[in-house]
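> For reference, the chains in residue letters:
2 protein chains.
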Amino acid sequence: MEKTQDVEIQNGGVQEESKASRDGSICGYDSLQHLLKENLKPQHYQEVSRLLLGLNCGKPLNRVAFPESATALSVEHGFDLQAFRFQADKELLREPRVVRVGLIQNSIALPTNALFSDQKRAIFEKLKPIIDAAGISGVNILCLQEAWMMPFAFCTREKRWCEFAEPVDGESTQFLQSLALKYNMVIISPILERDINHGEVIWNTAVVIGNHGNIIGKHRKNHIPRVGDFNESTYYMEGNTGHPVFETAYGKIAINICYGRHHPLNWLAFGLNGAEIVFNPSATVGELSEPMWPIEARNAAIANSYFVASINRVGTETFPNAFTSGDGKPAHADFGHFYGSSHISAPDASCTPSLSRKRDGLLVTDMDLNLCRQVKDKWGFRMTARYELYAETLNNYLKPDFEPQVITDPLLHKRSF
Amino acid sequence: MEKTQDVEIQNGGVQEESKASRDGSICGYDSLQHLLKENLKPQHYQEVSRLLLGLNCGKPLNRVAFPESATALSVEHGFDLQAFRFQADKELLREPRVVRVGLIQNSIALPTNALFSDQKRAIFEKLKPIIDAAGISGVNILCLQEAWMMPFAFCTREKRWCEFAEPVDGESTQFLQSLALKYNMVIISPILERDINHGEVIWNTAVVIGNHGNIIGKHRKNHIPRVGDFNESTYYMEGNTGHPVFETAYGKIAINICYGRHHPLNWLAFGLNGAEIVFNPSATVGELSEPMWPIEARNAAIANSYFVASINRVGTETFPNAFTSGDGKPAHADFGHFYGSSHISAPDASCTPSLSRKRDGLLVTDMDLNLCRQVKDKWGFRMTARYELYAETLNNYLKPDFEPQVITDPLLHKRSF
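Heads up: the protein sequence lines correspond to chains A and B, in order.
All residue numbers in the first sequence are consecutive under the working numbering, ending with 417.
All residue numbers in the second sequence are consecutive under the working numbering, ending with 417.
Warning: the hint list may mix true and false statements.
[To be verified] Straight-line Cα separation of at most 30 Å, DSSO-like style, residue types lysine-lysine; simulated pairs:
1. K90/B x K329/A
2. K329/B x K128/A
3. K128/B x K159/B
4. K159/A x K128/A
5. K399/A x K376/B
6. K329/B x K376/A
7. K37/A x K37/B
8. K128/B x K41/A
9. K90/A x K329/B
10. K90/A x K378/A
11. K182/B x K329/A
12. K414/A x K90/B
13. K414/A x K182/B
14. K90/B x K378/B
15. K378/B x K159/A
16. K182/B x K128/B
17. K399/A x K378/B
18. K329/A x K378/B
19. K90/A x K414/B
20. K41/B x K376/A
21. K182/A x K128/A
22. K378/A x K399/B
23. K378/A x K329/B
24. K128/B x K414/A
25. K376/B x K90/B
These aren't lab readings, by the way, just hints derived from the structure by calculation.
This structure is a prediction, so every number in the text was calculated from the model and none was measured.
Please work from the sequences and hints to get the whole structure.
This is the structure:
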């Protein structure tokens, strides 16, 4: 391990972005929307927002005020607060079903060479005031980032990080259960799960905690990356829980964990099961995926007529032992900058601005779940989808002797190319 | 019909955007990228481009020069020219397979109350120099916009516009066949098709013309909108040609016509059949879909590891008889501004800037089709897709007694919401 990396680990295990040139970023801005707002004239920013955030159709995105006590917590503990409200039409036969959703993005709390128990406890202590701020602000459903109770150590391929894994009813769940009960809040807790009853198998799991502090159920990540430093198939396998939708006190929700967002069929299946909000707790770095980040979530919201809540962790995590990345470059101790940028996409193609690319934050957003059906009635994607055609396509594709439908130019032999 | 609308029809049938306040646009900019480039400092524009166009990873998007004779045509006939080149890695075992793709977006040529035969001939005459410019520039595969040989009259619900429909080997195809042969160019021609052999049935069809002027085959639009003024199910039915991929002299291509872009399964099926470039000839207006426009195409390119070429027509088309739009507003004679903005998305999440929102244009883009497999090898979406899970999901969903997978909070009766 190189000395400079030692120093950075002592500095909290989290590098400032300016040190992380592998990010590809050239200037110290906070978020895309912030950069645009600061540097464009108001009328230009308004038009750019119409195109980039879908903020037209006479339904502006309003800001929502936080209680003073939540703001005080954010100042004392150094995290950002942002809140917005999506709009929907009033209906004649249904009351609005407004739900307040909270998302938390954060960096880890201690260097990754600290005692594992200390690291986990420090993350609990760091998250407590942010969860309190969400509770005080009346959040109904709160979601944390992927594997929030540990550093994202899968890049190392070292098995010792498996020690962080916990049963579904382990200490991380217990920590959140008391807060869920206290604030009458559903909490989605994405953890590394150890499945004791099935021979210590490890999963990447989201535990859904009800607003009475009860465990409603769990969902295990369906699609596992083998890309870049995300050697996650080394640690856990494809989930075996299907595509459950959890009917909570505040609406029907589902969880598409991280890399699952690249799979349109995964998004589709949660929609077919009736999800109104799909959470995408993630951990992903700038060089690999940043231009995809706003595209895939918004597309899923549009295509499936539900809300999508996207969360990504923040900062650069440095590990004790250097590792290679399969790209021919020298060994190094971090795998890039987690760019935060958590945000929420609506089924009508609108979108909130994102949280910071660099700082911890709580995003609170009010949404009327009636908008899902309103968009379905307007666009009719479910009715025009021709699922029978695609069931047949997939059934055929699964056959080992599948032949694609190709029409070859009979004059191809004349090719001049 | 109101008098002002009469006047506008006399003015070419195409309104300037400034007259079309229903577009929602507030300023007279040319395209999103143009607005950003003109108004941001270079270092900010570079960072915004990294995020919005995916132009990072050391693979800048290069501009390509046009031959002087093509530029002369563009000046003489008043259309824009833009050209770019996507980059791919060099491989050790395969030569690069660089294909030059051309897209044409245009407004109609005569008022919609002119003789139908005159309208069609005027469109031919308008397109001829743009197609010549493409041919002179060495374009290998050229695609025109949806139903390019007529005004997009479906908003009127008047059946007389069916007269524009032609057999696959009709006059529009014949016009393009000679140009395909002349320039050794594959041409995709999206028309309103009249299927004589099946009792005059009307389809929305893309005819694929080979580089020797031969007709390789056709694809009929799979998904039909019933949204806003797009009353297209009044005119034609869901396509019966599956998801063919056409193996041409320049690569394997497919066509996802207009509203099909809202259906991830439609994109998927073309991918499963081996498409390397999927064209999306469209006709869509600002108020309805503009914020979705860059999202869906780019998501399809990312999710399916192929290139997507998006085309939208330009201008506001005014019709002789006023019509209502099912939105409670008074009858009117146009249904909004076709915002152009044709562009090409690559499988690595990068994207070309768009053509103008207002003017006719030819976009030329070089792409190495080897990039498709390179991205597949990097991200592994096909391997991690678990299609067997989704075949089962769809098979279940199709049953009339399908029950969604829902886990209900057992304490739901205690609900405080």
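> Kindly indicate which numbered hints from before are broken by the structure, ordering the numbers from low to high.
2, 8, 11, 20
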